[in-house]
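Enquirer: So you can see what is in the structure, the chains are spelled out below.
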Amino acid sequence: MPDNYDVAIIGGGVIGCSIARELSRFRLKTVLLEKNAEVGFGTSKTNSGIIHSGHDTPLSTLKGRLVVRGNALFDGLHEELGFGFRRIGELNVAQTEEELEGLKALKALGDEKGVPGIELWDQERLRREEPNLSRALLGALYCPSAGVINPYEFAFALIENAVANGVELRVDSPVLGLEPNAEGLAVRTPGGTLQARFVLNCAGVAADEVAAMVGCADFKILPRKGEEYMLDKRLKGLVRRLVFPLPTKTTKGILIIPTFDGTIMVGPTAQTIEDRGDFATTAQGADEVFGYIKRLCPAIDARDAITAFAGLRAVSDTNDFVIGPTKVKGFVNVAGTQSPGLTSSPAIAEHVLEILSLQGLELSRKARFNSRVAPPPRFAQLGHAEQDELANKDPLFAKVVCRCELVTEAEIHDAVDHGARTLDGIKFRSRAGMGRCQGGFCSSRCMEILSKRLAKPIYDITKRGGGSYIAVPIDLEAARGEPPLHPDARPRINAEEK
Amino acid sequence: MLGRIEGRYDVVVVGGGPAGLGAALGARDSGAERILVVDREPETGGILLQCIHSGFGLHHFKEELTGPEYAERFLERVVDHDIDVISGSYVSSVGIDSDGDKHVRILREGRGISTVESKSVVLAMGCRERTRGAVRIPGTRPSGVLTAGLAQKLVNMMGMLPGKRIAILGSGDIGLIMARRLTLEGCEVVGVFELMPYSNGLTRNVVQCLEDFGIPLHLSTTVAQIHGRDRLEKITVAPVGPGFVPDLSRAWEVECDTLLLSIGLVPENELSQSLGVELDVITRGPRVSSSMETSLPGIFACGNVLHVHDLVDFVTEEALKAGRFAGEYAQGIRRPKDNITLVPGNNVRYCVPHTLAPGREHTIYMRAKEPMKPCLIKVGDLMQRKLGFVVPAEMIMFKIKPDVLDRFHGDTLRIDILPYEKEGGR
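Same order as they appear, the protein sequences are chains R and B. Here the numbering used here is used: the first sequence runs in plain steps of one and ends on residue 498. Here the numbering used here is used: the second sequence runs in plain steps of one and ends on residue 426.
So here's chain R without its partners, still in its complex pose (with noise of 0.2 Å):
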């Protein structure tokens, strides 16, 4: 007998997991089922991180309709799960007369649409504004509701707000199968079958081999790669807002990213890609954005960058959004969420649960739901007072880890309470490893705690799960029979001991 589910999503991505968290405000029994080790692994880590004021998306496509009230939504999910987001503004720069006239039509759509605050600025305004872009623009729109999130931080919380309010999370079960049965469907994963009145297709990239799975092929990703480049610290307050050039039919173009932590990114390049596996940055992406960059802002040089990625966005051949339910009962896609997807999850989740009630999947809403997460700890951004106070209610918060950003092990045991299985997933979590020296410093320590804690061998911890394992016993036959290694079998120099 399978286990059975009211709900079975597939896929924790921000849109999986979005849907997770609006469905655990009612008396269902929902799972949502990850291929990887983590939520958030996929398209939503290697995304831009921005929350999009809506302005250029025509009202025509179902994407245009969900992205301004997606925006309206994340002050709320802001307070209420304390991921980095802020609302930092965005500017559509013209880069000649033509695009300056261009930018009155996207200002008298977004005015339609309801975006808040837009204006234009005139040259003036924008060199005073933004004093490092190019003296040769023109001019810009302005859109003071544009924001960025850290897209995987937004994942964990709502993924374990849903955990916390009863959703069931498996991660590393990749959907091997679905057959449509009288229930609903049953859902086959490596780690056995489970039923489901109704499945939700997240899968991002991999939406169409999911819904072909039930024969629902009535559409295709056509996985579009983005290349993305990091730039030091050091030019942090270079720009303070997004800036984007003027949009095309198929891409936002290469834009100046500054992150909610404030460093720098470049791009996304466009590149239409086969190989549903390809995740490489290249030489040719590197000139691509670095070459374009140089238009909007001068100051910015390939030499800057300090770490660069890739990631798939999960495009359709509709070129829209493709949401709703199927020819298959109790199978709803929820796929092609390219950009805007990110901005427009929240609405998304809502819209998602408009079809399942529609479909009759009965909502009743629990007496008691917790909306809050806790914010994690971030001692580096804390005065000295707090950070005083933090230290002396727990020790660990005395003993630094990662020492670039300043994280300090307490740090790291919370990204662990709050469900960080790899290396990635402390870094993504606490920040540990994300700083100048990439890892080469703390990476092994965080090991010896995930090892502890997650009480597996240290050469079982991975970099991201699958078989992105970091080290291997030097003999693995005696090393299989040991216990983990803990810090203490170290050869010890004890000078103090006199």
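Hints listed in this document are in silico derivations from the structure and should not be mistaken for laboratory results. Bear in mind that the values here come from a model prediction, so they are computed numbers and not experimental data. A couple of the hints might just be wrong.
So the derived label-pair ranges between C-beta atoms look like this [said to hold, decoys possible]:
hint, chain 1, residue 1, chain 2, residue 2, range
1, B, H103, R, K236, 47 to 55 Å
2, B, S54, R, Y292, 50 to 58 Å
3, B, E270, R, N132, 20 to 28 Å
4, R, E386, B, G133, 29 to 37 Å
5, B, V135, R, E124, 36 to 44 Å
Residues from chain R shown here face chain B by an in silico Cβ test under 7 Å; the list is partial [unchecked claim]:
hint, residue
6, T282
7, A283
8, D388
The beta-carbon is built from N, C-alpha and C at its ideal position, and this holds for glycine as well.
Model the placement of chain B on the given structure of chain R, informed by the hints.
Expert: Same frame as chain R, but now just chain B:
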């Protein structure tokens, strides 16, 4: 282990590696009384503790020691000299008040946060390794790409291997040492790839760690692409053309599960920068006077935080000196300001210290920009020395005797490395 730390010190040393321990001993030697070494690692001794190979101490002790042995000798002396050492402790900031007293804020494992006062401070935080981001290799981001120093820690301190089939980018000393170490542990080291036309490690390491084990060193070659989703699967390697651009028409692929990066070291000067210490753009360490004093009075620097060394023996020598001057400073001894600025000239990448004063003997540390042989080091018109060869990987050290500078009346003194033409040679 020291149970508590008292409020006032003469000298606080930030860092418990060879530089910090040497500075503490130097300070004691000068007569300073209360000395504290603050070390961030759980075990004091710095990176020496993971350098279990031999080759340390040939200059300073005239014998060959392992890294931990070298560290232990200093630790014993430090303890014998009643110097306070706290490990697992992190200096989060140093403030300087209007009287010139330094307030050192220390986060101490298991014991909370405290602030101690000190008359002088020695910066000895060492350096860190450059990472993949610094060289921007295109490709995926799998596990198995790590710095050589982290691999050394995994093997020597934690009893694990970073992988089984190893490629190494960069021929820095740690990479060379790890090529040998991993070979001895049964790994297959498939090659070392160096962007420059010459090795960036000591000649003795090229011979003892690569040649003796038949590990190929590919010069003027780099890693052009990284492949593999979860774990490294292979790399694309290519010779470089003009401007160090990889020539992909001559590229080849190398299967490996591990890529070690040994592509340079960077002094860790975040604390120095937060203090406002002036840095040298070339060394990326503080600018220091002949007393090893930074641009801020009473703040001294030595070791790899000042400039990256290749031999610990030179770190010790420099640190003893910095410690002595820091100790003097704490006792109220003020020396006249240096009045001669050293200027790196032909084929000189940098020289340390940055300024000199007449009437004293000086030790100059410097590096060449590119290999040259034979050659002549010229210090203005004051002195010159013949050298068989210079290479960027090997630091050059020489002394300037007290009387030499007495003959000099300018305010800038240029140091050049020039090709040496044999007298009367044709």
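Enquirer: For every hint, state whether the structure bears it out.
Expert: Right, here's what the structure says about each hint:
1. Separation of H103/B from K236/R is about 26 Å and departs from the stated range, judged on CB atoms against 47 to 55 Å.
2. Between S54/B and Y292/R the CB atoms are about 53 Å apart, so this pair conforms to the stated range of 50 to 58 Å.
3. In this structure, E270/B and N132/R meet the distance hint of 20 to 28 Å, their C-beta atoms being roughly 24 Å apart.
4. A beta carbon spacing of about 32 Å between E386/R and G133/B agrees with the range 29 to 37 Å that was offered as a hint.
5. Judged by the Cβ atoms, the range 36 to 44 Å given for V135/B and E124/R holds: they are separated by roughly 41 Å.
6. Using the Cβ-Cβ criterion of 7 Å, the hint placing T282/R at the interface with chain B is satisfied: the shortest such distance is roughly 5 Å.
7. Residue-level restraint check for A283/R holds (minimum Cβ-Cβ distance to chain B is 5 Å; threshold 7 Å).
8. Interface restraint check: D388/R against chain B, minimum CB-CB distance 5 Å, threshold 7 Å, status holds.
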